[in-house]
Amino acid sequence: MKDTQELAAAAGAADPGTGLRAVAALRKLVEQLERVQVRNARAQGWAWQAIADALGVTRQAVHQKHARRDAD
Amino acid sequence: MFERFTKEARQIVIESIAAAERLGEDKAGPAHLLLALATTGGAGAQVLADRGITAASLQTAVTDARRRAGLTEDEVAALRTVGIEADEVFRRLEEAFGPDALAATDPPPKRRRGLLGSPMEAPARKVLELSLREAIALGDRHIGSEHVLLGLLRQGVDGPVGAALTARQVTYDHVRQRVLAARHGVA
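Residue numbers (my numbering), protein chains in the order written: chain W, 1 to 72; chain X, 1001 to 1187.
It is worth saying that the hints were derived from the structure and are not from the lab.
One or more hints might be untrue.
Stated by the list, open to error - Quick list of the computed label-pair ranges, beta carbon to beta carbon:
1) Asp15(W) - Arg1183(X): 46 to 56 Å
2) Thr1063(X) - Lys65(W): 22 to 32 Å
3) Glu1094(X) - Ala67(W): 20 to 30 Å
4) Arg42(W) - Gln1046(X): 22 to 32 Å
What the hints assert, rightly or not - For the chain W half of the interface with chain X, some residues (derived, Cβ under 7 Å), not all of them:
5) Pro16
6) Gly17
7) Thr18
8) Arg21
9) Lys28
10) Val36
11) Gln37
We put the CB at the ideal spot given by N, CA and C, even for glycine.
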């Protein structure tokens, strides 16, 4: 894919477009990682408070974000 | 409308519902119809095959998209520019949590459709309506896979399966030309 090669070649270049797109993609990746890890922690019996501590957020925040899925 | 469907077109409808179920989705949408069309064979599938689109290639597109947890090709490339190899991240997650680690983006739908509920989404039903229109426009009495494909292209197909059509330049005009050419024996 041409775009892919161009983007890879632009690595380290100070182009804001490339840099910002990388940030956006990273944010998406982080969300996916968090989802997988929280699900796994819950499956292993971790309490919401423990998960929140590990993530460095409040218990309420992590509960609000993930509890609905967890209940399924 | 269904009485006008050829056996092949009926098979596509049935197979699309089965495909949706296999993928853990509640109802069949246009993407499932396209998967089913490629699986079932016939004139529509032939047009796809001539552009390198097969049931297997579509299935791979679906699997890859699920593996990548919704990250597009471009997003994976953008991450590479800052030194993150997303495919390596996915590989490790699969290693640790199994092949479905990232596939389940949402909880599986809890609501099962009632006995009277349609097993097809509204856009998929629309595709079938459009395929009838395509048959009428071509002066055909019956709806075959080529009409379903034209209906799909009129309606538009979302997601990785739809992207495969765009990537291989399978457009409405292309398919219609192919259908007409086959009629005149110059396929």
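Right, here's what the structure says about each hint:
1. Range check, Asp15(W) to Arg1183(X): Cβ separation about 51 Å, and the 46 to 56 Å hint holds.
2. A hinted range of 22 to 32 Å holds for the C-beta pair Thr1063(X) and Lys65(W), which are about 27 Å apart.
3. Taken as a hint, the range 20 to 30 Å holds for the pair Glu1094(X) and Ala67(W), whose Cβ atoms sit roughly 26 Å apart.
4. Taking the beta carbon of each, Arg42(W) and Gln1046(X) are about 49 Å apart, not inside 22 to 32 Å as hinted.
5. Checking Pro16(W) against chain X: minimum C-beta separation of about 12 Å lies over 7 Å; hint violated.
6. A distance limit of 7 Å between C-beta atoms decides the matter here; for Gly17(W) the minimum to chain X is near 10 Å, and the interface restraint is violated.
7. Below 7 Å, beta-carbon pairs count as interface contacts, and Thr18(W) has one with chain X at about 5 Å; its hint therefore holds.
8. A least Cβ separation of about 4 Å between Arg21(W) and chain X falls short of the 7 Å threshold, and the interface hint therefore holds.
9. Contact between Lys28(W) and chain X, as hinted, is supported at the beta carbon level, the nearest pair being about 6 Å apart and thus within 7 Å.
10. Using the Cβ-Cβ criterion of 7 Å, the hint placing Val36(W) at the interface with chain X is satisfied: the shortest such distance is roughly 5 Å.
11. The criterion of a C-beta within 7 Å of any C-beta in chain X is not met by Gln37(W), whose closest approach is roughly 9 Å, and the hint is violated.
Hints 4, 5, 6, 11, counting from the list given before, are not met by this structure.
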